[in-house]
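Trainee: Take each chain as given, in its own frame, and dock them per the hints.
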Amino acid sequence: MQIVIASGKGGTGKTTVSSNLGYVLSQGRKVTLADCDVEEPNLEIFFPCNPDTLDVHVIIPAVNESQCMHCGACGEFCRFGALTVLTDKVLLFPQLCHSCGGCFRVCPHDALEENPTYVGQVQTCQLSDSLRLVTGRLKEGDVRTTAIIRKVREMISDEPLVLLDSPPGTACPFIETADDTTLCVLVTEPTPFGLHDLSVAVNVLKILDIPSVVVINRSEGSDGIIEDYCFENNIPILMKIPLDFPLLKAQNNGELISRKDTAWFERFKELGEKILDYAGGVL
Amino acid sequence: MIVCVPSRGSTTDSQMDDRFGRAPYFAFFDTATNTARVEQNPHAGASGGVGPMAVQFLIKNGVQVLIAPRLGGNADEALKASGVKVIMQNPDVTVQAAYNAWKENPENTS
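Those sequence lines, one after another, are chains A and B. Position one of the first sequence corresponds to residue 1 (this note's numbering), numbered consecutively onward. Position one of the second sequence corresponds to residue 1001 (this note's numbering), numbered consecutively onward.
Derived Cβ-Cβ restraints for the label pairs, each shown as a range: (1) B:V1086 with A:L243: 53 to 61 Å; (2) A:N233 with B:P1042: 34 to 42 Å; (3) A:N64 with B:E1107: 35 to 43 Å.
Part of the chain B face toward chain A, derived, beta carbon under 10 Å: (4) G1021; (5) P1052; (6) V1055; (7) N1074; (8) A1081.
Hint data in this document are derived by calculation from the structure and do not stem from the laboratory. Ideal Cβ positions, reconstructed from N, Cα and C, are used throughout, including at glycine.
Same shape as in the complex, but just chain B (with noise of 0.2 Å):
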């Protein structure tokens, strides 16, 4: 499973990013692996638009599960159609810490 996290920087020590499409850079976790990579987010500077852009680039990248801090309305709507399940976690902790706590209670869906 890919669990998504939206982050300021390229590495999964950054903190995480309390915007959702206009995040610079989108941690990627996958559960089977036990591994993560840190892709830059190719829509944050976009005049507009970003929230379903950002969907559909998480979709490219196979994200099952987004954690993130709050939502726009067009990219709420785009995720619950896409199937993605959205955690929501405060942003003022680092990726990694974002994704252990899922990961400690992966059903903590507030």
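In isolation and in its complexed conformation, chain A is listed as follows (with noise of 0.2 Å):
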């Protein structure tokens, strides 16, 4: 079972809400906590450790200039501009190339070699008994996110129960590391920027036939505008977290807050219930 943890908006509680459920759930049970905001990951925040860590490449063309005649095919092919062809050379613009393998299929006279590309880590840590840790690192400086974010849904693909916390946003990133996983957990806040958020964020989830439930973070009691769209569009609201200091200083320490305080435990112990529930088919 994969349940994505994400939110559209940053900065919202992703993090949070999966740290704290990582660790709530792993008490009685096998977990994998798989950090794909492979931009900048900080799962390990909360769960120093020792990685073992694997590197991943991708492969993208490369010019053998004595067999190619410049006619020109692979630059036609190519939808995003990562080989140029000249009258005399053929330039190549690494950071462009989505190594779809296209150009390699279309060069005719065989001039195109395959030249593996560094492009981040997967870092793999074994917490405890129950609860395993994979993060994904892009390369600084890189953009190839979906690369990275792929290999972590391979290594995690065979295991029970996965919580993905995905990277902001709706874009590629997101829809890499959410399609095909059972349930979304949408993290917002009650402020027009999470609202709008979200809403992007539903809208695409409902094209990749994923059921979302929704947590608000920072919730001050006044929560009409996310209650409102959760009512009109048939998402339960699952959890609401209070704008709570002692849980925001925790936070910012790299404290857990569900290991340190039982009553957020039984919190966190109680979304986590619900949402297995959820995605189970159960309610």
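Mentor: In structure tokens, the structure reads:
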């Protein structure tokens, strides 16, 4: 079972929810936490460890100029502009390449060679008997986020229960993280920005055919705009996290509130059980 | 010699476009025959990499001089490698006026 924790808007509390859920749910069952926010992974702040590291490479083309006839087939094919064929040479823009492999197929002169290029790492830690952390980490300055997310997902595909911490936004990295998961937990905040990005995420999830549930963070008791939206769209609100300064302080010190405070442990346990019921089709 | 100017519209009386790779049209002037034609930029709406794709389109059309207001990094790199001469031009003129200005003073590579 794969459950993605996402938000649309950044900074709403995805990592707060996923780190605490992972910890609480692992008291009694095997859980894998997957940090798919590969541009800025931060789950390990709450779970310091010495990880095993695996390098991730993507295949990009390298032009063998002695074979190349500058026919232009690869440049015409590449919709990302990564290959520009001039009259006497071919220019490659590696950062524009999406590693689709199309250029290798269309080259009639066998002039392209496969060039594995380092784009980042996947780090794995066994934190306890029942809790494992898998972190994707994109090479600084690189843009090929989905290659790392794909590798993370490949490595956790056989795990019984996975919580995926999604990158913010609703574009390719989010879709790569959420596609084919069982349920999406959307963490939002009761602000117009929170609502706007929540609604964009909900619409994307509808297209992906993934059911969503909502957690309202920084709830101050007047969450009307989120409640109205969720009511109209038939999306259950499973938890409200108050604007709680002891919680924020613990977070900022890199402490896990549910490990420190039994009341918070119980709250996240209740949330975890509800999520598993929704994901399992009980509710 | 073929001279290219990015254009907002489909005629040489159109305003010059202030972008290169995302310009909707390219005007091609032939100095030998004193004729012009305007072609749609096939990559104007692509998601990315439009600069290098536009350079490739220019090369296919035999361009030797490009009159443009500003260029992105990838387009600049591709143009330098291609040998196309780039003339910088403020875009607040028509395509025809930009070409005429170049013709009067072809060495003005600001």
